[in-house]
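Visitor: First to last, the sequence lines map onto chains A and B. Residue numbering for the first sequence follows our numbering, beginning at 1 and increasing consecutively. Residue numbering for the second sequence follows our numbering, beginning at 1 and increasing consecutively.
In short, the hints are calculated from the structure, not lab data. Just to be clear, a hint being listed does not mean it is correct.
Repeated chains share a single entry, so a pair holds when one copy, or any two copies, can fit it.
Only pairs whose alpha carbons sit at most 25 Å apart, straight line, appear in this in silico DMTMM-like list of lysine to aspartate or glutamate [unchecked claim]: (1) K202 x E101; (2) K184 x D170; (3) K116 x E20; (4) K97 x E204; (5) K145 x E204; (6) K96 x E188; (7) K145 x E74; (8) K13 x E41; (9) K145 x D170; (10) K125 x D100; (11) K145 x D156; (12) K37 x E199; (13) K96 x E77; (14) K116 x D170; (15) K97 x E122; (16) K192 x E204; (17) K19 x D149; (18) K19 x E186; (19) K125 x D16; (20) K184 x D149; (21) K210 x D51; (22) K145 x E101; (23) K210 x E174; (24) K145 x E77; (25) K153 x E40; (26) K145 x D203; (27) K97 x E199; (28) K97 x E77; (29) K202 x E132.
Number of protein chains: 2
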Amino acid sequence: MRKKLEISLVRTKVYDLLKEEILSGEIHLGQRLNVRKLSEELGISPTPVRDALLALSADGLVRVVPRVGFFVTELTENYINEIIESRIMVESFCLKKYFDEIRNSPDILKLYDEVKKVIDTENRKLFDESDEVLHMLIVKSSSNKTIIDFYEKLWDKIDLVRHLNKRYLDSNKEHLSIIESILKNEKESAIKFLLRHIENVKDETLKNLKTSKVTK
Amino acid sequence: MRKKLEISLVRTKVYDLLKEEILSGEIHLGQRLNVRKLSEELGISPTPVRDALLALSADGLVRVVPRVGFFVTELTENYINEIIESRIMVESFCLKKYFDEIRNSPDILKLYDEVKKVIDTENRKLFDESDEVLHMLIVKSSSNKTIIDFYEKLWDKIDLVRHLNKRYLDSNKEHLSIIESILKNEKESAIKFLLRHIENVKDETLKNLKTSKVTK
Chain A
1 MRKKLEISLV
11 RTKVYDLLKE
21 EILSGEIHLG
31 QRLNVRKLSE
41 ELGISPTPVR
51 DALLALSADG
61 LVRVVPRVGF
71 FVTELTENYI
81 NEIIESRIMV
91 ESFCLKKYFD
101 EIRNSPDILK
111 LYDEVKKVID
121 TENRKLFDES
131 DEVLHMLIVK
141 SSSNKTIIDF
151 YEKLWDKIDL
161 VRHLNKRYLD
171 SNKEHLSIIE
181 SILKNEKESA
191 IKFLLRHIEN
201 VKDETLKNLK
211 TSKVTK
Chain B
1 MRKKLEISLV
11 RTKVYDLLKE
21 EILSGEIHLG
31 QRLNVRKLSE
41 ELGISPTPVR
51 DALLALSADG
61 LVRVVPRVGF
71 FVTELTENYI
81 NEIIESRIMV
91 ESFCLKKYFD
101 EIRNSPDILK
111 LYDEVKKVID
121 TENRKLFDES
131 DEVLHMLIVK
141 SSSNKTIIDF
151 YEKLWDKIDL
161 VRHLNKRYLD
171 SNKEHLSIIE
181 SILKNEKESA
191 IKFLLRHIEN
201 VKDETLKNLK
211 TSKVTK
């Protein structure tokens, strides 16, 4: 039992490491992940590496090709369209149903200050943080773990090409419009701004996808 | 490589077998799944059993308790509320956005006949089939694999207690109202009937949950 526990901890560490390298772009989209090579590089047995890759495939970040091996998910235009439509479904549902919870949350005012700070400082890291906080605030307002888990996996997929994003100052302005509408208790306009923003995220993500293919 | 392939096929078979036994109620909610015992019963090594249980835990049908073991997911009232809210989110989104695709699908007329046949024959098996066909038709109209996969996992959770369902003739009438509204091109009323139906499914599922706890 003790041995199994250690294995399971190693698996979690390998999972976290590979996930970070995939999401940062250090490991490219579509790149093959060789179990033997990875286990040699990490100085561990192949089993936890294989387990970690199976867990990443359950997240949709890794693709298993039977008889061939593991590959980082290749984002296609169709896949991005699916993910964006899923985001629209989840975020618009939560913003509509839990609008008052979001509006009355103490986090929304803090976020408002941060988003304004991004305008003054053009600080990319601060933007990335506030980006995640805003969208997660909308979804987490549901307190529905099933919906939140689903959404976090969608977020990770967009993360695959998020480091290539160049329009963050425009995105930030769009966030400001959403937050201001929420604070002014204008539900319909908040939803309208949110949907428009996600459509822009889609266009940018599809553009990033092309860039990522060219540089590979 | 050949050895790994065989292992992976065994894993899939074990996965399918356990899933069927869990969903049919043959293995109870909350029951412990012992890797060693299962591998002895099945006459195979523990690895594919463990892999299958990890895959079932990624589906949410099995719960991993670190240092302890694997258990069939225990449905709680809170979890059922989460699943039902997720179903409302997905089905209402798809019915709204893809209403015309559903209305013009050749499957809807076939389904209409089947639902009417259930009224005449009171055939439970036919109801179960048409139940799945109707809800999947609504969701599959999106052609969005990410949404469909998410929904199928929700469906499996409700399946955990579906065999206890006693109000199938009422459910069938509700299906009829939804289908008739779709065929009459009455979008708003179709959505209204769908939402009311899913609320009834929730009440029934919560009741089934209590029954399943008593009989265990």
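Visitor: Look at each hint and say if it fits the structure.
Guide: Hints versus structure:
1. K202 x E101: between (27 Å within a copy, 24 Å between copies)
2. K184 x D170: within (21 Å within a copy, 44 Å between copies)
3. K116 x E20: So K116 and E20 fail the 25 Å test inside a copy (29 Å) and across (53 Å) alike.
4. K97 x E204: between (28 Å within a copy, 24 Å between copies)
5. K145 x E204: between (29 Å within a copy, 22 Å between copies)
6. K96 x E188: both (8 Å within a copy, 18 Å between copies)
7. K145 x E74: Answer is between; shortest inter-copy Cα gap is 15 Å, intra-copy 27 Å.
8. K13 x E41: Within one copy only: 14 Å inside a chain, 33 Å across chains, cut-off 25 Å.
9. K145 x D170: neither (31 Å within a copy, 30 Å between copies)
10. K125 x D100: neither (29 Å within a copy, 44 Å between copies)
11. K145 x D156: both (16 Å within a copy, 17 Å between copies)
12. K37 x E199: Close neither inside one copy (40 Å) nor across copies (52 Å); limit 25 Å.
13. K96 x E77: The answer is between: 24 Å across copies meets 25 Å, while 28 Å in one copy does not.
14. K116 x D170: Cα proximity of K116 and D170: one copy only (13 Å, versus 54 Å across).
15. K97 x E122: neither (33 Å within a copy, 38 Å between copies)
16. K192 x E204: within (19 Å within a copy, 36 Å between copies)
17. K19 x D149: both (16 Å within a copy, 22 Å between copies)
18. K19 x E186: neither (38 Å within a copy, 46 Å between copies)
19. K125 x D16: within (21 Å within a copy, 45 Å between copies)
20. K184 x D149: neither (30 Å within a copy, 37 Å between copies)
21. K210 x D51: For K210 and D51, the Cα distance exceeds 25 Å both inside one copy (31 Å) and across copies (36 Å).
22. K145 x E101: This pair counts as within: shortest intra-copy Cα distance 16 Å, inter-copy 31 Å.
23. K210 x E174: within (24 Å within a copy, 47 Å between copies)
24. K145 x E77: Result: close only across copies, 13 Å inter versus 28 Å intra.
25. K153 x E40: neither (29 Å within a copy, 36 Å between copies)
26. K145 x D203: between (29 Å within a copy, 20 Å between copies)
27. K97 x E199: both (21 Å within a copy, 16 Å between copies)
28. K97 x E77: between (30 Å within a copy, 20 Å between copies)
29. K202 x E132: within (16 Å within a copy, 32 Å between copies)
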